[in-house]
Amino acid sequence: MEFFDRFAVPNPTFTIYASMVAIGLTMLAILVGITYFKKWGYLWREWLTTVDHKRIGIMYLISALLMLFRGGVDALMMRAQTAIPDNTFLNAQEYNEVFTTHGVVMILFMAMAFVMALMNFVTPLQIGARDVAFPRLNALSFWLYFMGAMLFNISFVIGGSPDSGWTSYFPLAGNEFSPSVGTNYYMLSIQIAGLGTLITGINFIVTILKMRAPGMTLMKMPMFTWSALITNLIIVFAFPVLTVALAMGTMDRLFGTHFFSIDNGGMDMLWANFFWVWGHPEVYILILPAFGIYSEIIPTFARRNLYGYKSMVISIVAISALSFLVWVHHFFTMGQGALVNSIFSISTMAIAVPTGVKIFNWLLTLWKGKIEFTTAMLYSVGFIPIFTIGGVTGVMLAMASADYQYHNTMFLVAHFHLVIIPGVVFAMIAGLFYWWPKMFGFMLNEKLGKASFWAIAVGVCLAFFPMFISGLDGQARRMYTYSESTGFGIWNMISFIGASMLAIGFILIVYNIYYSTRYASRDISSDPWNARSLEWATHSPVPDYNFAITPEVQSLEAFWDAKKKGHKLFKGNYKEIHMPNNSGVPFIMCCFFFLLGFALVFSMWVVAIIAAIGIFSCMAHRSLEQDHGHHISVEEITKTEEKLGGAKK
Amino acid sequence: MTKKLILFSSIFAFLIFLTGCQSLTVLDPKGPQAETTADVIMTSIWTMLIIVIVVFILLIVMLVKYRARNQADDYEPPYIKGNKWVEIICVGIPIIIVIFLSVITVKSTYEVEGKPKGYENDEPLVIYAASSNWKWHFSYPEENIETVNYVFIPTDRPIEFKLYAYGPIASFWVPQLAGQKYAMANMVNTLNLAATEPGEYMGRNASFTGEGFAEQTFNVTALPPADYQTWIEEIQATAEPLTEDKFNQLLEPGRLGQETYTGTHLEFSPPPTTHHGAKESDGTENTEQEMNDSMEDSMEN
Chain D
1 MEFFDRFAVP NPTFTIYASM VAIGLTMLAI LVGITYFKKW GYLWREWLTT
51 VDHKRIGIMY LISALLMLFR GGVDALMMRA QTAIPDNTFL NAQEYNEVFT
101 THGVVMILFM AMAFVMALMN FVTPLQIGAR DVAFPRLNAL SFWLYFMGAM
151 LFNISFVIGG SPDSGWTSYF PLAGNEFSPS VGTNYYMLSI QIAGLGTLIT
201 GINFIVTILK MRAPGMTLMK MPMFTWSALI TNLIIVFAFP VLTVALAMGT
251 MDRLFGTHFF SIDNGGMDML WANFFWVWGH PEVYILILPA FGIYSEIIPT
301 FARRNLYGYK SMVISIVAIS ALSFLVWVHH FFTMGQGALV NSIFSISTMA
351 IAVPTGVKIF NWLLTLWKGK IEFTTAMLYS VGFIPIFTIG GVTGVMLAMA
401 SADYQYHNTM FLVAHFHLVI IPGVVFAMIA GLFYWWPKMF GFMLNEKLGK
451 ASFWAIAVGV CLAFFPMFIS GLDGQARRMY TYSESTGFGI WNMISFIGAS
501 MLAIGFILIV YNIYYSTRYA SRDISSDPWN ARSLEWATHS PVPDYNFAIT
551 PEVQSLEAFW DAKKKGHKLF KGNYKEIHMP NNSGVPFIMC CFFFLLGFAL
601 VFSMWVVAII AAIGIFSCMA HRSLEQDHGH HISVEEITKT EEKLGGAKK
Chain F
1 MTKKLILFSS IFAFLIFLTG CQSLTVLDPK GPQAETTADV IMTSIWTMLI
51 IVIVVFILLI VMLVKYRARN QADDYEPPYI KGNKWVEIIC VGIPIIIVIF
101 LSVITVKSTY EVEGKPKGYE NDEPLVIYAA SSNWKWHFSY PEENIETVNY
151 VFIPTDRPIE FKLYAYGPIA SFWVPQLAGQ KYAMANMVNT LNLAATEPGE
201 YMGRNASFTG EGFAEQTFNV TALPPADYQT WIEEIQATAE PLTEDKFNQL
251 LEPGRLGQET YTGTHLEFSP PPTTHHGAKE SDGTENTEQE MNDSMEDSME
301 N
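Heads up: the sequence lines are chains D and F, in that order. Per our numbering, the first sequence starts with residue 1, numbered consecutively. Per our numbering, the second sequence starts with residue 1, numbered consecutively.
Isolated chain F, as found in the complex (with noise of 0.2 Å):
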């Protein structure tokens, strides 16, 4: 009886390691921040598996072997009250897995939280992505241009995303280039990502924002350079100028379509003062302007 319901649950995990191995949106980097998420989770997946194996072949040997209906009517079971050596085993081998998995986390971690692999002594392309309800605004203060629920963004070459909030807390995501972060009304995060192929990638806020939540999505779109470059002075000659009204119109609750503009609302509305997670340009050396900055703050309200 339970062994139908094993070999059930094994199908199961099994459909899930077989076509999640190429076509599910997780599975199918095309960045190195994504490609690292990717191995660690192929990787634990295979160690993951050979745990359950183990317990669900124990678990059948069990119920089939020493299931009354196949043993003598007068067996008593003896008492066993432990073996020091079988506990030996069942804590030292899942203390050897999780020290195993242990170093895998901490080294990816490390390695997604910073510049992407291959990248590192790249000038990053620095773009703020601010989520309001429920909407995306993208500004590139170099190039001076702001797009709403889009992104271009040049194909190799690392580009860190500062994020932040107007209102609720949303979860930048897009996760064929990298995991995510969240977007937050009270200071601003560092997401390190780059994309090595051109495409039109997904990207979403999952973190729960209300209403509208389920249609907060924007695309991204990685071109050559070159394609970005043309893309940029485009945008320069044609666009709208962004101002305050126009901001905070688009600020309103609400879905929106795609939309572009020249100049960007950092100026007048900027972003919040605290860092987090961009040691080398908001180092130390920062965190004392930081916190004058933040109790001038407090002490005006």
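With the rest of the complex left out, here is chain D (with noise of 0.2 Å):
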């Protein structure tokens, strides 16, 4: 019996159990569902092993929605909680597990999959390319992150839930204060998660470097391929951090090694450094593919051509390289003195200059364009007001003094929700509703979808602004009740309004992906919103080979200039195409970091060395096997170009 109770929940309540019964019931129903329809073929054949980077992306944002629902009812949780002074709806111990997964999950699980959901669907369509440079690290890439990603999910079954906040602060985090394997769910996960993240980041950078169509200079590639570069930059060199902070930290809990902990030369300090060493340039790899979402979407309806392009890329090259010389403001009260604290506060401020140009080259866009507000339109301008105020309250935080009095309050949380819900969730709704249906080949449901923008519009608003004020009242973060004297009730009540009206906004998107699958046309153009760069040239849904043939680039708006100004983009005849085999490698080989993940959670070494020899055997697999890929002959293509609708020229 001592093996099994290990994996009990330190903290078991009935709402426990019920999710543990819940999760246990779908996955039945989904393993006999999958089995009673036959599925299993279909399954493994056209998703499990897929490589095509157009799947992989759909697959990123299928978890990014489920995640997005695991982290939202957090949220919810979260806010009922704190509606009404000395709430006992969580206990201290069940508040604190739930404010760290919504952290955690919604900002690696959530937004990063989103993220990357966009980037994998659209970037080699942008350019021209056929897939990525590596499609197979490609598919590894996203099992590694789902594998990551369930992992952290089944913790509050089994073992019990990280408690320590999305941060892990040490010596909080170390076996002394946190006792429970909920802080290696976390190390273990977003390891392997970030694993996942760091080959994401080599592999798109190749790809848009060595892949681009022919005549496509870096200055004419659009603007959400080189927020998509940027963004892989970041990457590879911010992860690195994370991966060693996190071995670091896993070894402090698993093999008592003395990295974070107080005693025996131990700094907890190192571990705040290296987190926003990592954590400043994550928040950019969030932002900047949000950047991009918005400078295609604003051009297409404003329709007009995007407003200071150079300056543009000038600016996000500007903020990444700034995004690495202020994480010390993430700690300003750790007492490094008022020089530092200086430099940092400067250094801070200094990328609200590159924002504001792009803020400002916007607005320049809609100047004298033509403005269609669609879904997608409402909320990429809805972005701008809000994500001002989240922008002008970073600098104020900014400020190392006034920062003493704002830090760890919910003038904070305040301040981050109101830049992150804009400028990545707002982006990525208008993403989803923009690129829909060129990947799906139909269109969601614009009246559904401009209900759930003002729902989600109105919402942020109430959810958040309240918290400036009980911020500044002197309200902390992450307390799980507070007195009624405090005064801080009315405006927890109006937050909470705020996220309900949130949910709901979320639903109507749900909602809208539902009906509009069930009822929507079918028949609509490869190129329905008039839109201006490559992705729009191919067929709707794109075809395996994303263009039968590769299209020769002479402007930054090729696809405008081909209709406007008759460029022609596709020259000469179909020609056999070279595309890469599917294989189940990266599958399997991410079952068996699931499996060494769990086993290290729970110090299972037998286990994990055979997940690891597991592991190495795929690798070793891969280096000794044959595989030249596929070619599909031109009477192939002929007959997929017919059925979706005749060739492109």
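FYI, nobody ran anything at the bench for these hints, they're computed from the structure. Glycine is no exception: its CB is placed at the ideal position from the N, C-alpha and C atoms. Misleading hints may appear alongside valid ones.
Coverage of chain F stretches by chain D, computed from C-beta distances (three or more under 8 Å per stretch; other residues unrestricted) [stated by the list, open to error]:
| # | segment |
| --- | --- |
| 1 | 24–30 |
| 2 | 39–51 |
| 3 | 67–75 |
| 4 | 84–94 |
| 5 | 116–128 |
| 6 | 173–183 |
| 7 | 257–271 |
No more than 30 Å apart at the CA atoms, straight line, and that leaves these computed lysine-lysine pairs for DSSO-like [claimed, not checked]:
| # | chain 1 | residue 1 | chain 2 | residue 2 |
| --- | --- | --- | --- | --- |
| 8 | D | 210 | D | 563 |
| 9 | D | 310 | F | 115 |
| 10 | F | 65 | D | 450 |
| 11 | D | 450 | D | 358 |
Could you fit the two chains together into a complex? Lean on the hints.
The following block contains the structure:
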């Protein structure tokens, strides 16, 4: 029995037992369903083994939406708990677990996956490529992320959730103060998912640098591709720091090393530094692709070219460089003194300059345009005012002396939600509506889409503006409750109402997907928005090989100029297309990773060693395997093109 | 449509400013340090408000004027590449604002890190404040007393809080007197503050430390110097002495009410040897000594 005791949840409640049953039943239902409908073969051939960037993108998308649900439920529970003073809906331990998982899930498993989804789907299409540079690595990236996310999510039914905050500051996250396995889950699942992200970073840099269509020089790349390139550069520089920090943290917890402990020469402040040396660039890893998406959508629906393309490129490069020079602003209060804090204050405020340039360029893109308010456009212009408020409060937080009063308060919580939600979430939803017809060959319902925008936009304002006030009134973040005499009650109640509106907005989006899948017309053109970049030059949905003939690019807005100025994109005739083969190895290898992670969480060394051998066997298999891909014949291309509505010439 | 949203958010933004001016804790300072931060906060709010208004007005104008519905059907938007002067303005004005705020930041940061304004020449009262899960221990080395979860300070005298922790990183915060600073296990941080008005002020740990974090609060009572002296004498005459066993009991994780002792834990459980942010008292001449100390420490371990 002792062996099984360790898997027990340390703080079981009725809801956790109910969740266990629900998870068990859902798993069973999925397995039975797949078997009943004889879909195992389909699932394996078309999805689990796929190396197609579009399918991988769609799998990221589905995972992101699932994680949005998980993180969203966490958020609602937190807001419900704090809505009234001295509430007993959650106890302190439950609340601590919920805000920890909310942060990790939303940042690492929802927002990152959403960014990856759109980057995977769109980037190769925008540069006229047939896939990414290393398709199989791309599958590996996805499955690493997926297994990391799953490992993290099972924590609350097996062994207990992490509870030391998404930042997991040591010594709080060390064995002495966090004895449950929760923080092991944190270390290992983020490690596994982080490896996937790092691999994606390398993959996309190579893809964008080496696989652009002929004629597409760097300064003719669409803005989203630029942002993807810079984002992946940041990933490659920032993620190794996280990898190392997590490895050190894992060793502290599992093997008794003393990197971050408070005795035997350990340095707890080192973790905070490592975490934010990765953590701050991470914020820009999320927001730059979002900026890229806005830079695609705003010109499309303003029916005008992007204003100041060159300054847009320069500003994202500047932001990416500055993002590595500001990490100390996350702990101005650590006592490094006025000089250090002054330097980091100034470098932080400097980021406002390139960001401001981008805001003004989007505003000037609207100038003399012919603006059409589609759902995607609504989210994009709704982003500007809310993000501006989030952004200027960021400048206020950057001022070290004032930050001594904002630090660790609801003011900070309000700030980062008001940049991340309009900055990242609005962009992802806008991108979802915008590229959905390219992904699936039908459009999402506009009416439901606009309704979701209003619910979410008003919800965000209601949920987070009151936090500025309660923060300045002295409400620290991460407090599971407060007494009535503090006067925080009213602000938290408004927040709860806002959070509920946000939930309604997200439910509307999910319902929209269901509704449109059932009822939307499949008879749409390949360019339903009258857009400007290359992904709209091929069919919807996109064939396996993306473009039957590789496009040739002459200008920045290649597709727009093909439509307006008669530039010819596709020259010559069909030729045989060389495509990569599917492979089950990434999936199998990541199952071993999952097993390895799980075994390490519970210090089951034999299982861990077996899993590690499995991982290395998969790598050895890959090294020795002969796989030259396959060729799509001219006849097959002709047939596919005709089926999709005629050749693109 | 977007107008509504903008109106909505600006009303909210204004709410913050209006309610913020007087009644909010952080903006109701009772000492020079908190006054400095409150001034910086208000200045930055007004400066930022200008930017917000400019962006909102530009956005509304663009969205209304250039909406497809408000234009001729055959209108073709022009191709506009960019304009050197527009871009210089877009870069230049933010740079000026950032420089303005940088000057304020650097000046005020030095101010709040140093001795409180107006008390530069006074001898500060040193109080050690140590956090443990989930309590605050205050030691008065000169007066030789120790309190738990509450602290009395004299008004009109600079106070030097020496911060450290038994356990996770905590953040010492008395919003009406000064901003936060971390209390950590491996070094001592110094927080300077002074109270100009007698009164009771809320103090708390602002940095998450686990289960009892929400209740890790303390009371700060500022008394006129004479009353403060009376209080000290009273404690010295009536309180129990603090023994090492008793202190170890206090350190056990959990919540405690307010407690008072004579003697301090500094003798048998001294604070960490590394100091940060205390230039005057622990200047360069001490550094070598400290390094030797800590090297000896690690050798022993």
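Each hint, compared with the structure:
Requiring three or more residues with a Cβ within less than 8 Å of a Cβ of chain D, the coverage given for the segment 24–30 of chain F holds, as 4 such residues are present. Check result for the segment 39–51 of chain F against chain D: holds, 6 residues qualifying (beta carbon to beta carbon below 8 Å, three or more required). Counting residues of the segment 67–75 of chain F whose C-beta sits closer than 8 Å to any C-beta of chain D gives 4, which meets the bar of three, so the coverage hint holds. With 5 residues having a beta carbon nearer than 8 Å to a beta carbon of chain D, the segment 84–94 of chain F meets the requirement of three or more and the stated coverage holds.
Counting residues of the segment 116–128 of chain F whose beta-carbon sits less than 8 Å from any beta-carbon of chain D gives 0, not enough to reach three: the coverage restraint is violated. A count of 7 residues in the segment 173–183 of chain F with a Cβ less than 8 Å from any Cβ of chain D is obtained; the coverage claim is therefore met, three being the minimum. Coverage of the segment 257–271 of chain F by chain D is violated. Counting CB-CB distances below 8 Å, 0 residues qualify, and the rule asks for three or more. Taken as a hint, the residue 210 (chain D) and residue 563 (chain D) pair is honoured in the structure, with Cα atoms around 27 Å apart against an allowance of 30 Å.
Annotation: proposed proximity of residue 310 (chain D) to residue 115 (chain F) is violated, straight-line Cα distance about 48 Å (limit 30 Å). Only pairs whose Cα atoms come within 30 Å are accepted, and residue 65 (chain F) paired with residue 450 (chain D) is accepted, the gap being roughly 21 Å. About 25 Å separates the Cα atoms of residue 450 (chain D) and residue 358 (chain D), which keeps this hinted pair within 30 Å; it holds.
Of the numbered hints given earlier, the model fails hints 5, 7 and 9; all others are met.
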